[in-house]
Amino acid sequence: MIEIKDIYKAFGDNHVINGISADFKPGMNNLIIGSSGSGKTVLLKCMVGLHEPEKGSVLYDRRDFTRMSFEERIEIRKEIGMLFQGSALFDSMTVEENVMFPLNMFTQWDRKEKLERVNFCLERVNLARTNKLFPAELSGGMKKRVGIARAISMQPKYLFVDEPNSGLDPKTAIVIDELINEITDEYNTTTVVVTHDMNSVMGIGDHIIYLYSGKKWWEGSNKDIAHTDNKELNEFVFASKFTQAAREKL
Amino acid sequence: MFFHPLGKYILLLIAVFRKPEKWNIYRKEIFREMNSIGVGSVGIIAIISVFLGMVTTVQTAFQLVSDLVPRSIIGSIVRDSTILELSPTISAIVLAGKVGSSISSQIGTMRVTEQIDALEIMGINSPGYLILPKIIAAVVMVPLLVIISVGLSVWGGYLAGTLSGAVTAYDYLTGLTSEFVPFTVTVCMVKSVLFAFIITSVAAYQGFYTNGGALEVGISSTRAVVVSCIMILFSDYVVAQLLL
Ligand SMILES: Nc1ncnc2c1ncn2[C@@H]1O[C@H](COP(=O)(O)OP(=O)(O)O)[C@@H](O)[C@H]1O
Ligand SMILES: [Mg+2]
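Going down the list, the sequences are from chains A and B.
Following our numbering, the numbering of the first sequence begins with 1 at its first residue and continues without gaps.
Following our numbering, the numbering of the second sequence begins with 1 at its first residue and continues without gaps.
Looking at chain B on its own, in the form it has when it is part of the complex (with noise of 0.2 Å):
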């Protein structure tokens, strides 16, 4: 029940890590997949990030009401949280709603509409030419947008902390600079990579095995969301455990 699945999922990525059949073919299509994947995510990421550090900034100092921890610890918090978690995670299941079920929706259609069979009859791997620049243009692109995702959710976090008051600019950038631990980052971007490939592969997964029509691309598109999330969350957990 479980395992079928898996071998069929690892059987798949085999045969994406295959020799392309011409490079300069596939370098057209991993820019066209980094421009639908990351650029066209920018907005996105941008909006959920900068919510996420008010949110943040706003609750951190709602539950820090004691006068024994100095205010600028909310600056801290906010950058580590960010850092560590929030973006990566928060990011991630965004992208899989967004750029995950588009993928398994694009695969899943070429699948019933036999263009996957024309591709394989010319004697082309169509795992490799559809899903290995979709992998590759995720892996590379992720981790720039969570990148993106920590400055504007500090930024945002800076914002509600000192229109509402609940901290000082002064503490906040205080907070923000002291005890900085460069590792957070590595583990930050470990996240990205990882996410980014969950994203795509079990999308792509979901896609190519989509069998029927109209409607059963709309049920694997559904599945690789639900199942890319679960995916998320499990191996946050896990390289939290290992990592920290």
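In isolation and in its complexed conformation, chain A is listed as follows (with noise of 0.2 Å):
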């Protein structure tokens, strides 16, 4: 479990969240959710420390994450896999050696045991044989199952994905969906997932907090989201004509 408490950060004048609580339970997709530009991304970043909040604390199963030193964090982050906006594959390096980089950094394994793994992590999420590719030669939807691979290959505790459909098309976007989703069930992990599409929300959105001048504006299920009078979140929920007449039918 990962509990947030009152997170302030700031970018100069510019206030982007302004104290944020939360929790987020194991085996349970955690969705965060707002329009471009409300600050996701940064209280993802904030989360698992890419960006230091001016205020509150992160804790990993009660350990205070914010307060620890920079060898302390390595130990939290070996337990952290994180799958990024635009993948953030190595460039310079193949399918296989990004999915195998986090295990030659720390594991003692040696290289069978590894191509073991990477191998089991690529099947996973349906890319066997694609080994000696560069991201270059990569469809936008294999990058991010690339990604999803790496992320998982120390088995985190802790998964983190930043907007998983951007830039892909809504039916590779409902397949890496059903995979974070089936991974989270697998092992239980505690899973965050940042997004601003509507068909995530509907499909495993288990936990929802929408996040709106900073705040946390509403929390519930995809099961509630519908039924909300919340009018910002509605705002943002049935933002078009066509989601606003398929609401009325409801």
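Simulated from the structure, these hints should not be mistaken for laboratory data.
Just so you know, even glycine gets a beta-carbon here, dropped at the ideal spot from N, CA and C.
Check each hint, because a few of them may be wrong.
Rough simulated footprint, nothing fancy, chain B against chain A, three-plus residues with beta-carbon under 8 Å [to be verified]:
no., region
1, 84-90
2, 96-106
Interface residues of chain B toward chain A, partial, derived using beta-carbon atoms under 8 Å [to be verified]:
no., residue
3, ILE25
4, GLU120
5, ILE124
6, MET189
With the hints as a guide, dock the two chains, each given alone in a separate frame, to form the complex.
As structure tokens, this is what we get:
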């Protein structure tokens, strides 16, 4: 379980996050939603220490990450997997080397053991036999899947995902969502997904936090979201005429 | 305005020299960088060095029209100015353009595509992993390149001198071997190591703190070249002042 308590983050005069608290439970897809520029990525990066919050704390199973030294944080980070918005694959390395990279850095396994783990992860994301390709040779959806394979190679307890569907066609987007959902179930990871994609929200939103003006504006599940009377959330969820019309029929 | 980047630069260097996670991975990276920084630059260094020696000889001969000075002095002057100044400094400036810009655009691209964030998330000290192998490789390879450059410059000088008739082979070689001060080689090596460090660390700094997109990567890499050229010439003066 990850707990965030009263997080604040500003860039100069731009107060992006103004006091957000939430709990993220294991085995669940925890979604952070909000419109573009609402600070979703900033909040996620505060949680994993890529940004330092001005105030507040982040606890990983009661261990206070924000107060840790660099060396102590490394121990937590070995338990974290993250999929970035642009996949962030190392483009000088092949698919196999990308997925093997954390294993090379942090395990004492021999090459055969590492290769087995790599192949297992690649098969898990349905990308067997792409080992020798370079990221430049992959489609957007394949890159995301390699990103997932790399994120799960160290069997993380915590999985962070930033905009898994951005730049993907709707069908591929759903494949990626399903994959995240299955991994969360299988390994009981505490999964935090940042998204503004309504298909994801409806499809895998076990627990949803809606960000608005730097605050947690609404919290609930995908079952609650269609029936909320929160004005800003409604405007966000039912932004288009099409979805508004669909809502009338609900 | 000036102290903020300097502080950031020093903090980055402190992070670079943190204990590596795994030496054998770093070792592999060091060899790869030695190949790309060192072996990859032999060609260009060779070409510029030969011309450098040729120009120095012809110009020195032009300035020494008096019959009071022996022609052999041309050999000594070419040797000393090549070792002390031309080879280390001009090589460093050329390498700042070639190696420095590629380091800063490589690291800058990794920054804007979140690859550096990905390293951090895994618990890897990204400055160490990305920058330390480059600094070590350059500090080892640049002095070797400079030695090659000195040799080829002196040879280029010989060639230009004898072909143009500005100096006879005998005079040139006499000058080359007389009154040689070995300390000049020490100065040359000190400069080479220092310049290697400046080129790689300044370029890495510019790349590491890129933010934005492809446009900013280009800006960082231009800035890396400009800043390291200024730093090279400034420290060139400081070393000359301190050691000579
Ligand atoms: N590194 C940064 N420096 C300054 N401002 C930033 C930085 N990262 C994000 N911001 C600002 O924070 C706000 C939220 O950005 P972000 O979290 O990326 O939005 P999104 O919800 O679309 O992911 C934006 O106004 C952005 O300009
Ligand atoms: Mg974002």
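Inset, instruction - Enumerate the violated hints, using their earlier numbering and listing them in ascending order. - result: Checked against the structure, the only hint that fails is number 6, while the rest are satisfied.
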